[in-house]
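With the hints as constraints, model all of the structure from the sequences given.
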Amino acid sequence: MKNEVVVQFPSLSEYESLARVIVSSFMLPYDPTFDELSDVKTVVSEAVTNAIIHGYEYQPGIVELRLAIVAGILTIVIKDNGQGIDNIEQVKEPLFTTKPECERSGMGFTIMEQFMDRCHIESTPGKGTVVTLEKMLVSVAMGV
Amino acid sequence: MKNEVVVQFPSLSEYESLARVIVSSFMLPYDPTFDELSDVKTVVSEAVTNAIIHGYEYQPGIVELRLAIVAGILTIVIKDNGQGIDNIEQVKEPLFTTKPECERSGMGFTIMEQFMDRCHIESTPGKGTVVTLEKMLVSVAMGV
Amino acid sequence: IGEIQRFLRDDGVIKVSRTLKEIAVKVHHQRERIMKSTGKVPSIHELAVQLDLTTEQIIEAEEAVRRPQSIYESIYE
Ligand SMILES: Nc1ncnc2c1ncn2[C@@H]1O[C@H](COP(=O)(O)OP(=O)(O)O)[C@@H](O)[C@H]1O
Ligand SMILES: Nc1ncnc2c1ncn2[C@@H]1O[C@H](COP(=O)(O)OP(=O)(O)O)[C@@H](O)[C@H]1O
Ligand SMILES: [Mg+2]
Ligand SMILES: [Mg+2]
Chain A
1 MKNEVVVQFP
11 SLSEYESLAR
21 VIVSSFMLPY
31 DPTFDELSDV
41 KTVVSEAVTN
51 AIIHGYEYQP
61 GIVELRLAIV
71 AGILTIVIKD
81 NGQGIDNIEQ
91 VKEPLFTTKP
101 ECERSGMGFT
111 IMEQFMDRCH
121 IESTPGKGTV
131 VTLEKMLVSV
141 AMGV
Chain B
1001 MKNEVVVQFP
1011 SLSEYESLAR
1021 VIVSSFMLPY
1031 DPTFDELSDV
1041 KTVVSEAVTN
1051 AIIHGYEYQP
1061 GIVELRLAIV
1071 AGILTIVIKD
1081 NGQGIDNIEQ
1091 VKEPLFTTKP
1101 ECERSGMGFT
1111 IMEQFMDRCH
1121 IESTPGKGTV
1131 VTLEKMLVSV
1141 AMGV
Chain C
2001 IGEIQRFLRD
2011 DGVIKVSRTL
2021 KEIAVKVHHQ
2031 RERIMKSTGK
2041 VPSIHELAVQ
2051 LDLTTEQIIE
2061 AEEAVRRPQS
2071 IYESIYE
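Protein chains in written order, with our numbering: chain A, 1 to 144; chain B, 1001 to 1144; chain C, 2001 to 2077.
Careful: at least some of the hints might be erroneous.
[Unchecked claim] Computed far set for chain A versus chain B, every beta-carbon distance over 12 Å:
1) K2
2) F9
3) S17
4) L67
5) M107
6) M116
[As the list claims (entries may be wrong)] No more than 25 Å apart at the CA atoms, straight line, and that leaves these computed lysine-lysine pairs for BS3-like:
7) K79(A) <-> K1079(B)
8) K79(A) <-> K92(A)
9) K2040(C) <-> K2026(C)
10) K2026(C) <-> K2036(C)
11) K2(A) <-> K1127(B)
12) K1099(B) <-> K1079(B)
13) K2036(C) <-> K2021(C)
14) K127(A) <-> K79(A)
15) K2(A) <-> K1079(B)
[As the list claims (entries may be wrong)] Partial chain A-side listing against chain B, Cβ under 8 Å, derived:
16) N3
17) V5
18) V7
19) E14
20) I22
21) P29
22) T98
23) C102
24) I121
25) S123
26) P125
27) L137
28) V138
Bear in mind the hints are in silico, worked out from the structure with no lab data behind them. Beta carbons: idealized from backbone N, C-alpha and C, even for Gly.
Have a look at this one:
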């Protein structure tokens, strides 16, 4: 990908914040509004948290974050080499969660689909998960 | 390295700010003082700028930033696969610069040595440069 | 802000978390003001210019006030 930023960080929740500021700073040249930025940060939080608690189940691992903006479309890829997902259609359903005991809302993927223009999940059980999120940036779309 | 964060970004000056917020977010859980953070951001700017303008001479390339904190010591590694440095002792000298036409100050490495506890340069002409910077964090040292 | 920073610099041991929290409060108020007067959400750049801050500072501040530690501080200060 052209002008891509790649980040690898340990699967610890303290790095969720790092992922959020990275995406914020990455978007800055495109003059995002406060709301755009906050939506994107929210989905990054959801995907990174998923990698840490579901992918790696709090075990040590590496989460990879890739960012690119091509023709006004922001692409965010969040990858883990964790346990993977058996039934992708099922996990996308609102309120579906495999960790009800954790006070998780089961709304992570629903939020990602809502806030972004595209949310694509690829996963191999036992190998890991790649979530690809895309968003057309308004400021760019308006030619601002 | 334990709990290491690795970032790869294109050799464009617009990513200098990304490098700065990354190091800032990385240090924040250690509750740094204002001076500590501002010093560290300054040295990251210097090293990243060097990679872009001297290492790659504004040509496309990848800059790698690695961060780790072990036992209260922050280690920052900035790596490029650019043209490398012939005489390391010479470039460390205050005011030495190979780009006087660029209004560079020749103080980059002097600042890095001043603000950090250690500044180590490894370089292979034609292959690239690795700058390793270390700093004992006061907040951690004081057990704050 | 420049003034505050200079003051904090003199002190030397002032924690960044505190400065960032102050910035976040300013950003929040300015954002509300802009939304009331124009009905639009300002961009980060606009806010930075209006408040004489860097966009970097705004990003850092926004994130800093999310931290549980900062919430703790704002409750007990
Ligand atoms: N990276 C991942 N690796 C493995 N499973 C995942 C991953 N992300 C999500 N899942 C599965 O998808 C379900 C739904 O995710 P989500 O919508 O974010 O809700 P929640 O995280 O609240 O459970 C999770 O409960 C989990 O079973
Ligand atoms: N990453 C690098 N790759 C190649 N040469 C470098 C690199 N960093 C620094 N140098 C060399 O070291 C010199 C001194 O660097 P510095 O002290 O930062 O001063 P300045 O950047 O102002 O020239 C530069 O002029 C350049 O010749
Ligand atoms: Mg979730
Ligand atoms: Mg320099």
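Restraint satisfaction for I22(A) [CB to CB of chain B, less than 8 Å]: Holds, because the Cβ-Cβ distance from I22(A) to chain B comes to roughly 6 Å (cut-off 8 Å).
Would the hint on I121(A) stand, with a C-beta cut-off of 8 Å toward chain B? The hint is violated - I121(A) has no Cβ within 8 Å of chain B, the shortest such distance being about 24 Å.
C102(A) as an interface hint toward chain B, with CB separation required under 8 Å: violated (22 Å)
Is the nearest CB of chain B more than 12 Å from the CB of K2(A)? For K2(A), whose nearest Cβ neighbour in chain B is about 8 Å away, the distance does not exceed 12 Å, so it is violated.
Close enough to count: is the Cβ of T98(A) nearer than 8 Å to one in chain B? Hint on T98(A): violated, closest Cβ of chain B at ~27 Å, above 8 Å.
Taken at face value, is the distance from the CA of K79(A) to the CA of K127(A) at most 25 Å? Holds, at about 11 Å.
Can V7(A) be said to touch chain B, with a Cβ gap under 8 Å? This hint holds: V7(A) lies near chain B, its Cβ roughly 5 Å from the closest one there, short of 8 Å.
Would the hint linking K1099(B) and K1079(B) be met if the CA-CA limit is 25 Å? Holds, at roughly 20 Å.
Over 12 Å to the closest beta carbon of chain B is the bar; see if M107(A) clears it. holds (26 Å)
Given hint K1127(B) paired with K2(A) - CA-CA distance at most 25 Å: holds (23 Å)
Minimum beta-carbon distance criterion (8 Å), E14(A) to chain B: holds (6 Å)
Agreement of K2(A) and K1079(B) with the hint, judged by alpha carbon distance not exceeding 25 Å: holds (20 Å)
In summary, the numbered hints that this structure violates are 1, 2, 3, 4, 22, 23, 24, 25, 26, 27, 28.
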